[in-house]
Amino acid sequence: MNLANLFNNYEEAVAMILFGIGFSNLLLQKNLIKKIIGLNIMDTAVYLFLALKGYIEGRKAPIVVNGVQSVEAYINPIPSGLVLTGIVVSVSVTALMLSLTIRLYRRYHTLDLDEISTRLKKEGL
Amino acid sequence: MSKKVSEEKYKKTLTYRLKQWLDGEDLFTGTVEMKPQEPYKVDQAVSEQRHEEKKRLLEQIYDIEHNPEMRIFNKIYRLFAFLFCIFLVLMLLTAVSNLPTVGSADRPVNNEVAKRYIENGLQETGAVNIVTGMILDYRAFDTLGESHVLFVATCTVLILLREDKKKKAEQNQNNDRLYEPKNDVILQTVAKILVPPIVIFGIYVILCGHLGPGGGFSGGAIIGAGLILYQNAFGFHKTERFFTAKTYKVLSFSALACYALSKCYSFYTGANHLESGIPLGTPGAILSSGLIFVLNICVGIVVAGTMYTFYVMFRKGGY
Amino acid sequence: MGALIILSAALPIIAGALLLLSLTAERRCAKGPAREVAEPSAQKLRVLHLQVLVILSISALLAMTAAWSGEHEITLFELIKGIPVYFHTDGITCLFVTLSSLVWLLSGIYSFVYMKHEGKEKRFYGFYLMSYGVLLGLSFSGNLVTMYLFYELLTLASMPMVLHNGSREAIMAALKYLFYSLCGAYLGLFGIYFLYQYCDTLAFVPGGSLNLGLAQGKEGILLLAVFLMILGFGAKAGMLPLHAWLPAAHPVAPSPASAVLSGMIAKAGVLATIRVVFYVVGPDFIRGTWVQTVWMTLTLLTVFMGSMMAYRERVLKKRLAYSTVSQISYILFGLSVLSPTAMTGSLLHVVFHSIIKCSLFLIAGIFIFQCRKTEVSELAGIGKRMPKTLWCYTFASLALIGIPPASGFISKWYLAQGAMEAGVGAFGWIGPVILLISALLTAGYLLPITLKGFFPGREGAGLSVENQEPVLRMLVPVAILAALAVILGLFPNLLVSFFSQIAGTVM
Amino acid sequence: MEFVQNFPFFSIILSLFAGPLCSILNGKWAKRVNLAVITIILAMSSAVLAFTLRTGDSYVYMMGHFPAPWGNEIRVGMLEALMAVFFCLIMLLCMIGGVLEREREIESTKQNLYYIMVNLLLSSLLALIYTNDLFTAYVFVEINTISACGLIMIRQNGRTFEAAIRYMIMSLLGSGMLLLGICFLYDLTGHLLMSNIKEQVAILNASGQYHMPLLITVGLISVGIAIKSALFPFHAWLPDAYGYSTLSSAAILSSLVSKGYIFLLVKIFYRVIGFDIVRDSKIINVLFVFGVIGMIMGSISAIKESNIRRMIAYSSVAQIGYIYMGFGFGTELGMIASLYHIISHAATKSLLFVAASGITDASGDSTDFFDLTGAGYRNKLAGIAFTVGALSMVGFPLFTGFISKLLFAQAAVDSYHKLLPALIALAVSTILNTVYFMKTVIRIYTPEKREVLAKKQYQVITMKDQKWKSAALVCFIAINLFFGLYSEPVVGLLERGLKIFA
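Top to bottom, those sequences are chains Z, D, F and V.
If you count the first sequence from 1, position 112 lands on 112 in this note's numbering, and the numbers rise without skipping.
If you count the second sequence from 1, position 27 lands on 1027 in this note's numbering, and the numbers rise without skipping.
If you count the third sequence from 1, position 200 lands on 2200 in this note's numbering, and the numbers rise without skipping.
If you count the fourth sequence from 1, position 282 lands on 3282 in this note's numbering, and the numbers rise without skipping.
In short, the hints are calculated from the structure, not lab data.
None of the values given here were measured: they were computed from a predicted structure.
Where hints are given, some of them may not hold.
As the list claims (entries may be wrong) - In silico lysine-lysine, DSS-like type, Cα no more than 25 Å apart, as pairs:
#, chain 1, residue 1, chain 2, residue 2
1, D, Lys1054, V, Lys3456
2, V, Lys3380, Z, Lys121
3, D, Lys1054, Z, Lys121
4, D, Lys1316, V, Lys3198
5, D, Lys1054, V, Lys3110
6, V, Lys3439, D, Lys1055
7, D, Lys1115, V, Lys3449
8, V, Lys3449, V, Lys3380
9, Z, Lys121, D, Lys1055
10, V, Lys3110, D, Lys1249
11, F, Lys2120, V, Lys3282
12, V, Lys3198, V, Lys3304
13, D, Lys1192, D, Lys1316
14, D, Lys1054, V, Lys3455
15, V, Lys3304, Z, Lys122
16, D, Lys1075, Z, Lys34
17, F, Lys2218, F, Lys2122
Said to hold, decoys possible - Calculated Cβ distances over 10 Å to all of chain D for the following chain V residues:
#, residue
18, Val3033
19, Gly3219
20, Ser3301
The beta-carbon is built from N, C-alpha and C at its ideal position, and this holds for glycine as well.
So here's chain Z without its partners, still in its complex pose (with noise of 0.2 Å):
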């Protein structure tokens, strides 16, 4: 890896470090909750790497503003429309799994999901 570069954008970098500590949170944690935030941390790393993509230095945002339509006035609206998207996606993600949580929750009183595989394999079969 060419270090120069990596400091020239040093945000994609935090973005991606973010990403993983979202991934490792999602992938290791043992509570259902935590989990969960590393999700939302994973998904909001993704949504900042998606926005720098768009970003163009000293340009502004892509509303017509008395008329101005040349490339060089705006940034790349695409990137923004697709964060737009996705954060849609994360919300209703985030919902389903808190619900599933809830249920889990109301049944085994623990957040646990290694106690409420193990105890699901006693009580099952």
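With chain Z's structure known, arrange chains D, F and V on it following the hints.
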């Protein structure tokens, strides 16, 4: 002369087994349960015992505290997962270090696509806010899917949390105070003052989605927040007067249906190179940019309903 | 002509399927909660028998004409690209078609009477016809995949005949049969994967189509593949170590079923082995390798073990089953020696053994049918009651033992001679010795029945008086088979020349 | 532009619209609507298939007034059409087969929600099949995931919840990586439409610019989709999800959902990255290795399993291993074999699930292996159907499994280095399959002792008792036989479709 061996001892020997095998008695004892000769019996007792054994086995295997193998396995698993994460991050950093520089205007992202969006967006979609124009007209298919993601998520939440059983519902009625807030004067007063502006602002954001920052999603979220605040202050009885499950159903269905049908129309006309007779209006006016205006409203309704429904479901499991 | 092949194979299959369908239809319109079909009237039965006979003879006729009138080939359709379902005829085909037609016809006629006390005729004849058709298809099949297809089908079609009487033992035996055959077939399939790649074509070419240039450096794994195939297809032929299904399956099946089972269906394994070794891989590839050695050892072991088992077996049909195990391994041994003479011997033995063993099983069936006797010890004095039957039995067993001039002698002679002149080292003399020993054993386990039958001594009281000779419809096929067993031994030249010519083409 | 060409878009939008429609109907009407929708879409897709076969070429359908690369678009060739037809068929049969279980196991007030899920699942599958835009693909992948999760947990017990949440976690990891990969691709090429991306990627590859990120992107996307489609190490959620959810969910999930992702992966390989680039990147070797391991491990855990439905579930781990092994060959033949296996596995596995439910019905709703003794006599059709499915799974000729195994063998012949491991894995897993499937068949045909029967009071099930399920079973058997005997044209169609797919 070989000395006599007792029967059972003989049965243990290898030669006896070999003889069995040569007689073609059965090679597969235990593996494929082929015991033609002695009748096979599964009576209650045996199966009970089998289940008991299984249970005990599971008890031993799966109680993590007293099962060192399990613990070690978990440790190793977590270690590997962690290493995998590290590896992933390093990979990603490597990738990033080779990506084009952030914020420079001459990267592949800024190509003819963005150019056209910016330069002709206003004329082609009639939306001043180029992003709105893009997500609701150029790339409307994504947005259609996206609003359905929201819808399907709501449905899963309903599956999980809606209480349909009669007696559960009665219980909820009985300990309803558990859900109802105390009559908190400060909260109610503040809510009286705040809720109308919030809702109106939300409506404004929705309606001006194509003119400035905002649009269906943000506006809908704002309205949902207003509803939630109102519910907190005044409780379910008051909200149920104007917002019930039925309301939500009808609203969301009609909104989504309207969305789908209008998009269906524009896709169809577009694909078949027909002229969609929808006037774009003068850019900047409220009633402009054709379908985008309608779509924003639809999305707004869906999102507002969804936000409120999420809240209600998490809170009580029923309107 | 090609159409004839398809027709002759398809006719019995379709007819059998129709029979079964009609059976289900009957069951649907049958009254009562049990949904049991009423036992069909004698009239109905006669019609059924007539149908079966007609279908059998027609398809036999077609098959014969297709087989004996020169070489034809026909491609039915492409299973997948480059792997057609492809039929063609050659010497081996003629041999198997003729033999199976003979066996099926005769034991069919026999079974018309026999199946009375087994019941469920319709189901039996349904599968009987189907397996006949499938066997025809198997012997017509012209490439490896087609053969594999019909081989598996044969298992499926013949299994219901084993579990006919529906008792627990029968079902377990049938499932055992299914499992052994399937596992064997998969060992074969593994080999097919390999040969598919290293052969120029999957079609059968006398002398094999293995592309040695391609196989360069891959001999080891290829040999393993071939060995697995021999082992797998040996399962149906009852070769060690996958022989265990035979003694389990034969006693429980109805006698006509076990007759065709050990007469022809077990020979399907032999056919498959012949095709693989002599028509795909080629004998030169495995000559002198460990595969040949192991194969010969296994066959000889099976020969010996089978006759030992038969010798110490009490139940007649089980005894016959074990003797089938050993006798078929004679054939396999003859093949494994890889010399033309021995191959001639084994082909001869295919013919003789089918005829003899078929007749023996039918006779055992007669004993069961007439006086419900299955144990050998119970048969003392049987000769007083049914001398004709027992005479047939005697001739057949003499032939099987190989007393000159009866047929068995010829084949075993060729086998031994081939083994000696093949230059397979120690096996050159070990083989014949073991064959001799097992021939003695054969005499040991077959002849006592004759002796006890005719000269029961004091034990003859076991049989009540009313057991008389069976009706002609049962006796005639047996007689024909027994007669054939002797006559073919007297005038073997035609067969010998035919088979040696076949053997000449592949080696 | 002919009217038929609109049908793909219509089918997507129709099922998308049927989802919200079901939300205001009650369960019964929702069911009718759902069945009607699936049938209509089946008809439309077959029309599209006929059309593409006639023209012999694929066409692009513009979603909106703006051509690519500005607007969305979907692209239809015969491969896509074939997949659409087949998916609709299987889904229809699964829905028909599972009617009884659904009414028994789902709260009556939540039936319509189930049909919402099914409709949206269907629409997302169709969109995944047809779309030509990566981001659209991402959005519909999410719909697919969420509605699949809904299908799992509609039958509400602890097992399904745990399975659902494990499934969600896994697939969220997967979709995170997928989305990130898409972002990378977008950053490198500046496009979201597959065809344009491919052009740019070709240029980049030629110039050698951004080689590293491109490689990592391919890795991210493949691993992400592999996780989502339960490739071997990531299958923890699968047995519970398939084993305890309601019948039609299990059948649909096992036969269609993962296949949708896999088809997307194929599409990305061919239409986005370009298959030769993928081949040169070492990622497919990873897929190959995991596929082979999955083939073996899946079968082994299936042998160890004593719950019949979980056993079938584990066997589908093995089958997905087959598919990825086919990708791993990195050849045309391997890809065709995998595509064919997608079809044949879908047909067989759904058959197995439905038949297994029929068997368990006849043995007092116990899925335990030992309680199934003699179930084949109590429910004849289900027994026969299960036997057919098992034979097809173990690769008995006449059934589809045999054909796909042969195709895999052919493909293995082509790629020299992977020949031996592939063939050995094939043989070993075939034998393992034989062991556990034949074991089950033998078990269900082992006559039960009379006294046990007297004690347990099993009910005997005839075709009249379960009309719908029997109809579905018969259709499934017919499909298996069809693809087993008449596979040549299908394979040819796959080849042609794959040629014009890129």
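Quick rundown of the hints versus the structure:
no.: 1; hint: D/Lys1054 to V/Lys3456; verdict: holds (21 Å)
no.: 2; hint: V/Lys3380 to Z/Lys121; verdict: violated (33 Å)
no.: 3; hint: D/Lys1054 to Z/Lys121; verdict: holds (11 Å)
no.: 4; hint: D/Lys1316 to V/Lys3198; verdict: violated (50 Å)
no.: 5; hint: D/Lys1054 to V/Lys3110; verdict: violated (35 Å)
no.: 6; hint: V/Lys3439 to D/Lys1055; verdict: holds (24 Å)
no.: 7; hint: D/Lys1115 to V/Lys3449; verdict: violated (79 Å)
no.: 8; hint: V/Lys3449 to V/Lys3380; verdict: holds (18 Å)
no.: 9; hint: Z/Lys121 to D/Lys1055; verdict: holds (9 Å)
no.: 10; hint: V/Lys3110 to D/Lys1249; verdict: holds (14 Å)
no.: 11; hint: F/Lys2120 to V/Lys3282; verdict: violated (62 Å)
no.: 12; hint: V/Lys3198 to V/Lys3304; verdict: violated (45 Å)
no.: 13; hint: D/Lys1192 to D/Lys1316; verdict: holds (23 Å)
no.: 14; hint: D/Lys1054 to V/Lys3455; verdict: holds (23 Å)
no.: 15; hint: V/Lys3304 to Z/Lys122; verdict: holds (18 Å)
no.: 16; hint: D/Lys1075 to Z/Lys34; verdict: holds (19 Å)
no.: 17; hint: F/Lys2218 to F/Lys2122; verdict: violated (52 Å)
no.: 18; hint: Val3033; verdict: holds (13 Å)
no.: 19; hint: Gly3219; verdict: violated (7 Å)
no.: 20; hint: Ser3301; verdict: holds (15 Å)
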